[in-house]
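Join the two chains, each given in its own frame, into one complex according to the hints.
Chains as they are written, first to last, in my numbering: chain A, 1 to 317; chain B, 318 to 500.
Just so you know, these hints were derived from the structure itself, not from any lab.
Take these hints with a grain of salt, some might be off.
Claimed, not checked - Using 25 Å as the maximum straight-line C-alpha spacing, the simulated BS3-like pairs for lysine-lysine come out as follows:
| # | chain 1 | residue 1 | chain 2 | residue 2 |
| --- | --- | --- | --- | --- |
| 1 | A | Lys42 | B | Lys334 |
| 2 | A | Lys180 | B | Lys448 |
| 3 | B | Lys362 | A | Lys188 |
| 4 | A | Lys44 | B | Lys448 |
| 5 | A | Lys105 | A | Lys93 |
| 6 | B | Lys362 | A | Lys97 |
Being a predicted model, the structure only gives us computed values, none of them experimental.
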Amino acid sequence: MPYTSNKKYRKEIRKALDNKFLQTALGNFTRNYPQSRTNAFKGKDIQGLVNDISDLKRKSVPHLSELYTQFKQKAQEHGVIVHFAYDAGEANKIIEKIALNGNVKSIVKSKSMTSEEIHLNDHLGSKGFKVTETDLGEWIIQLRHEGPSHMVLPAIHLSKEQVAKTFSDVTRQYQPEEIKTLVRVARKELRPLYSEADMGITGANFAIAQTGTIGLVTNEGNARLVSTLPRIHVALIGLEKLIESVGGALKIIEVLPRNATGQKITSYVTWITGQTECVGCEDNKKEFHIVFLDNKRSEIAKDEVMSVRSMVMLEVI
Amino acid sequence: MLTGIKMNRELTGLFKKMAEEVSAVVHSSKTENEVAEYITAVMKKNGHMRFAAPFFSGTFCEELIENGFEIIESPLRARVAEIDAGIVTALFGIAETGTLVVNSNSEDVRLVTMLSETNFILLDTNNIVEKSSDIADDMNSFFNKNNYTAFITGPSRTADIERVLTLGAHGPENLHIILINNK
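Pulled out of the complex, with its shape left as it was, chain B reads as follows (with noise of 0.2 Å):
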């Protein structure tokens, strides 16, 4: 029987495969600084100036202003052509797939995840379970309420032309998923 956090260091290590092999990059931040670090970093080799950042404040969001980015205020609705990039956090990682699980019962998330060039999604790895069926109870109990439940498994992506995969079609063309460790 494995323990528990060696099962953890594995399902993360299946877990970035997974998500590697449908083009997400897989990042591991230890401190709130860290991923701001990162993301200013990526954000300025792809050439984006406005980020959305719905559910985060404080000294995250200063130091990207800090660092010369525009922070988006919501509602994002009225601001939909200008999202260069943004930032969300999932629920649960699922290994089997490399799938992010995001509750997107607000507009706002919805939006950062469809409308992003760039989007970064937070990922605790101790919320990494094994495979779908794992969070079925989960699921279960989302749903007795109104819900906008979204798996996302990499960028979005096409292959209606000629059957070419080609990155971002609708949706994000990068995928960040940056794993942090809040146990």
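Only chain A is shown next, with the shape it has when bound in the complex (with noise of 0.2 Å):
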């Protein structure tokens, strides 16, 4: 909801500081990541993975539409349809265009932040679609009408006494305030609408140019399921996401987890090149569309400054 003045913004910052269980879980937080940070990265040479990484984005911040060309052809040899976005409305209506035209009812969709740069869920609900968050984070704010509070802990903010009273409101009775058990009641709620969707929306974490390839890192097998299970897959890219090679993709998985979570990989990394096996669709392929969202990146791309080391902070966030 938009601040109408400072002074309810002020009222509401005092309220989130003075709040006990903020306190704990942010302190917490604060305390335990750069422990688990330095673990992950143990053994690794830290300033050479930076260098590497720095020179893969100036290698690709560059060229984006150069990228974005070569990534497109190879794609589209294998029965992709790639879409470029010039803003965020732009990126709704065309995803909106699909489903349309795909005769869609319900989506499926898992975590992507650039999703929630664009607005998508409001778009699309407005539009009439129904649209099911399946991150269990991004489910969790959805049920409860919020915005996510961090990038990798969308639910950061919430206590597992609240979601046990969110869950409890959905699922019509009484669920404990123990997380085993909530996690549990998120898979089995979850399950059937990936069978029912018509249509499943991704993010992605890098795609590679040289063989149209996009990449999904996680840990909870949603994206997965997302990616699969619907007769359509969209996918919505950042266009700074668009790398050369695989050898890069490679080395940006060396990075992004251990700096992100503290993991060393994540339970899962998916690869996903061109149209793949759907069983019950048209040819047994999978309608698959990959929309690249530019919003102002090829204006920051320009910036000295900004470019690439905001291109690299993106990545390792």
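Shown next, in the form of structure tokens:
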């Protein structure tokens, strides 16, 4: 909700700062995260990795438009429909049109901060599509009509008691304030939706121009279901995720989970090149769309100070 | 310089250590018969009845049926709610992170590794490499054609509620890696 005055904004900040749960949750996070990050990087030449990623971004960021052309050609050879969205409004319209043409009623999504950037759910919801977030944190905040409070941990501002209350409301039965049980509730409630959905929307952590491959770095496994069970897959990708080669992608995977969650690697890294098998679909092949979002990324890429530094930052979060 | 066998033994040891660090169970079997016996024991312990083995046949499946389990026929899409457990084969293992590389072009392979409560993955120890960059060329050639490749490291997990690590978010809660040696 937009803040109409400075005073109201300050009041909200005060309220959050005085919240005991937030003090504990964020305090623990600030203490524990640097430790797990350090452990994950143990034995790695951190400066060497930073230099490698900087080099990689220096080679790709100034050439986003060429990389896009190369990616598009490769992906099209493998049956993918590639779209370019100049801004948020255009991206929303493109995805809406794909849904309309595909006679889509319900949609499942995996976590995509790029879709949060363009308020995709609000747009699709207003056009009558039923959109369900399947990442645990994103599903919790969708049920509570809230936005993500963190890129990696979208529901870090909520306690298990609050989640239990939300899940009790949704399932219309009492759910205990126990994390293991709450995770099972989400698993059970969301499972049937993957099969029912006509369309699955994912983001992507990188797009490889030389092969037309997209990569998804995840832990829960929902992105794999979202990209497999529905008959249409739409991947929404920020233009800055374009890189040249498979070697570069492997390098990113070495750094990204260590930095983001303190893991040496996530449970899943999914590499999708072109249309893949979808039993019961036309020719047994999945309808696969990739939507690249510019939304001023090309302008930032031209900025001396902002470009490489910020793109490296985007990679490590 | 290490001899091939010694190097492979060291890589296998590292792979096992790293996979166990992320809660995978690593077991070695010498024969197909032993694999079936191991799966039977784990299935019984976990209370599973139905098993998916899309690229397996013959005595292996017969033995599981004999032991009282139902083998779910393909295509698995029609029976997504029934897959208690299942088995697929990995192409490579990456020792540094305990990662399995699974060709998932087949929708059934994807469904087994996504929907099973307990997922068994076979890995030939001759196919264990040290780090992911060792298979960059292989991956490049896979991606010349339409392809779906999965890196799988440990069971599915989440830390979305209060940052408490919980296994079995949307995918398997148990991952059993069965090491074999085909050489």
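Here is what the structure says about each hint:
Between Lys42 (chain A) and Lys334 (chain B), the direct Cα distance comes to roughly 16 Å. Compliance with the 25 Å bound is thereby established for this hinted pair. Our distance criterion of 25 Å between C-alpha atoms is broken by Lys180 (chain A) and Lys448 (chain B), whose separation comes to about 33 Å. Restraint check for Lys362 (chain B) and Lys188 (chain A): the C-alpha separation of about 22 Å stays at or below 25 Å, so the hint holds. Simply put, Lys44 (chain A) and Lys448 (chain B) have alpha-carbon atoms about 13 Å apart, close enough for the 25 Å limit, and the pair holds.
With a CA separation close to 16 Å, the supplied pair Lys105 (chain A) and Lys93 (chain A) stays within the 25 Å bound. About 49 Å separates the Cα atoms of Lys362 (chain B) and Lys97 (chain A), which puts this hinted pair outside 25 Å; it is violated.
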